[in-house]
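Protein chains in written order, with this note's numbering: chain G, 3 to 124; chain C, 109 to 220.
Calculated directly from the structure, the hints in this document are not laboratory data.
These numbers were taken from a predicted model, which means no experiment stands behind them.
Worth double-checking, as some hints may not be accurate.
[Claimed, not checked] Per label pair, the in silico range of CB-to-CB distance:
| # | chain 1 | residue 1 | chain 2 | residue 2 | range |
| --- | --- | --- | --- | --- | --- |
| 1 | C | Leu149 | G | Thr57 | 32 to 38 Å |
| 2 | C | Thr152 | G | Gly68 | 28 to 34 Å |
| 3 | C | Asn163 | G | Gly65 | 26 to 32 Å |
We treat Cβ as the ideally placed atom computed from N, Cα and C, and that holds for glycine.
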Amino acid sequence: QVQLVQSGSELKKPGASVKVSCKASGYTFISYGMNWVRQAPGQGLEWMGWINTNTGNPTYAQGFTGRFVFSLDTSVSTAYLQISSLKAEDTAVYYCARDRGATAEEVHFDLWGRGTLVTVSS
Amino acid sequence: QSVLTQPPSVSGAPGQRVTISCTGSSSNIGAGYDVHWYQQLPGTAPKLLIYANSNRPSGVPDRFSGSKSGTSASLAITGLQAEDEADYYCQSYDSSLSAFYVFGTGTKVTVL
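Given the sequences, and given the hints that come with them, work out the whole structure.
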């Protein structure tokens with residue numbers, strides 16, 4: 003069926019790196035953009051950016067430049083989020099979400115992964 | 109840092125109607141961009157509830173409806189049910205430089 007399957011929870015020390023995966027199935031991976039959304043504990047949703055699955059070109063929201071990297075492996079229909087130099091404030095659930103919309107201004111997120119909890123603690 | 113403002117909580121008895129507002133500005137909702145709504149049940153991922161202001165994806169009950177006017181949008185839930193207890197978020201495009209897509213602050217719906 004159509005789904006996004008994310009990798010499991012991670013516990014990391016400050017300064018380490020983490021790579022979260024998001025494997026798509028049931029649809030043509032390169033036909034839809036992939037977005038990343040962060041949800042800190044007890045907080046709301048925050049759009050981190052997206053990656054064009056056709057070209058591999060990433061776009062990062064303000065606040066998610068430098069330590070955050072979006073990448074793809076289209077051969078296995080998988081998107082990745084890598085976070086380096088982890089800080090305690092990076093502790094959150096990270097969701098991948100497929101986008102729909104004829105234009106950028108119409109984009110909404112119609113398919114979500116179940117989320118990956120990344121905990122940063124010494 | 110959300111630029112779309114929602115009430116923190118709303119509540120209602122089973123069967124009642126509740127509405128959730130989502131207030132934006134001239135760089136998002138007021139510019140005419142679509143508003144979308146998501147439901148997040150406890151401990152789960154968000155789920156698309158309404159897209160393009162008032163459209164329901166397949167499988168979403170018609171108890172959920174959306175509207176937009178000016179710089180605001182609203183989500184209405186009629187015939188409130190226990191399983192509607194969740195967090196609800198609006199989302200829109202924003203033409204400012206910080207982010208293309210912005211979410212609302214979120215509203216917790218409690219069924220009394």
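Now for the hints, and whether the structure bears them out:
1. The hint said 32 to 38 Å for the Cβ distance between leucine 149 of chain C and threonine 57 of chain G, and at roughly 35 Å that hint holds.
2. In this structure the hint that threonine 152 of chain C and glycine 68 of chain G lie 28 to 34 Å apart at CB holds, the actual value being about 31 Å.
3. A hinted range of 26 to 32 Å holds for the C-beta pair asparagine 163 of chain C and glycine 65 of chain G, which are about 31 Å apart.
Checked against the numbered hints given earlier, this structure breaks none of them.
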